[in-house]
Amino acid sequence: MANAAWMVASDHRGHGVERRFAEYVIDQARERGYLGMQFNVVATNTGAIALWESLGFEIVGTVPDAFRHSSAGLVPIHVMYRKL
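0 is the number of the first residue of the sequence shown in numbering that gives the first Met the number 0; add one for each residue after it.
For the record, the hints were derived by calculation from the structure and aren't laboratory data. The C-beta atom is built at its ideal place from N, Cα and C for all residues, glycine as well. Among the clues, some could well be false.
[Stated by the list, open to error] Label-pair restraints from in silico Cβ distances:
(1) 49 / 69: 32 to 40 Å
(2) 16 / 81: 15 to 23 Å
(3) 30 / 73: 34 to 42 Å
(4) 31 / 78: 18 to 26 Å
(5) 61 / 82: 17 to 25 Å
(6) 22 / 45: 16 to 24 Å
(7) 69 / 29: 33 to 41 Å
(8) 45 / 80: 16 to 24 Å
Whenever a hint applies, use it, and build me the whole structure from the sequences.
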């Protein structure tokens with residue numbers, strides 16, 4: 000569980016799948032004794048950023064030109080963290 004990446008199919012977005020999965024991941028990490036969680040989120044993914052922020056994560060750093068976006072070219076990623 001040290002590294003998690005996922006994407007929800009477009010026809011299933013907006014139904015709470017992302018939130019339920021994120022809450023599950025947080026709960027599982029807490030149950031296993033993790034003290035904090037960190038995710039790298041592509042800066043153009045405003046939906047994911049909003050989701051993680053709503054779950055108590057904050058942007059603690061930004062890495063420039065860390066992701067090659069198919070239409071936007073090189074974009075930053077945000078390092079998002081929260082204590083558990």
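| task | State the violated hints by number, sorted upward, taking the hints as numbered earlier in the document. | result | 1
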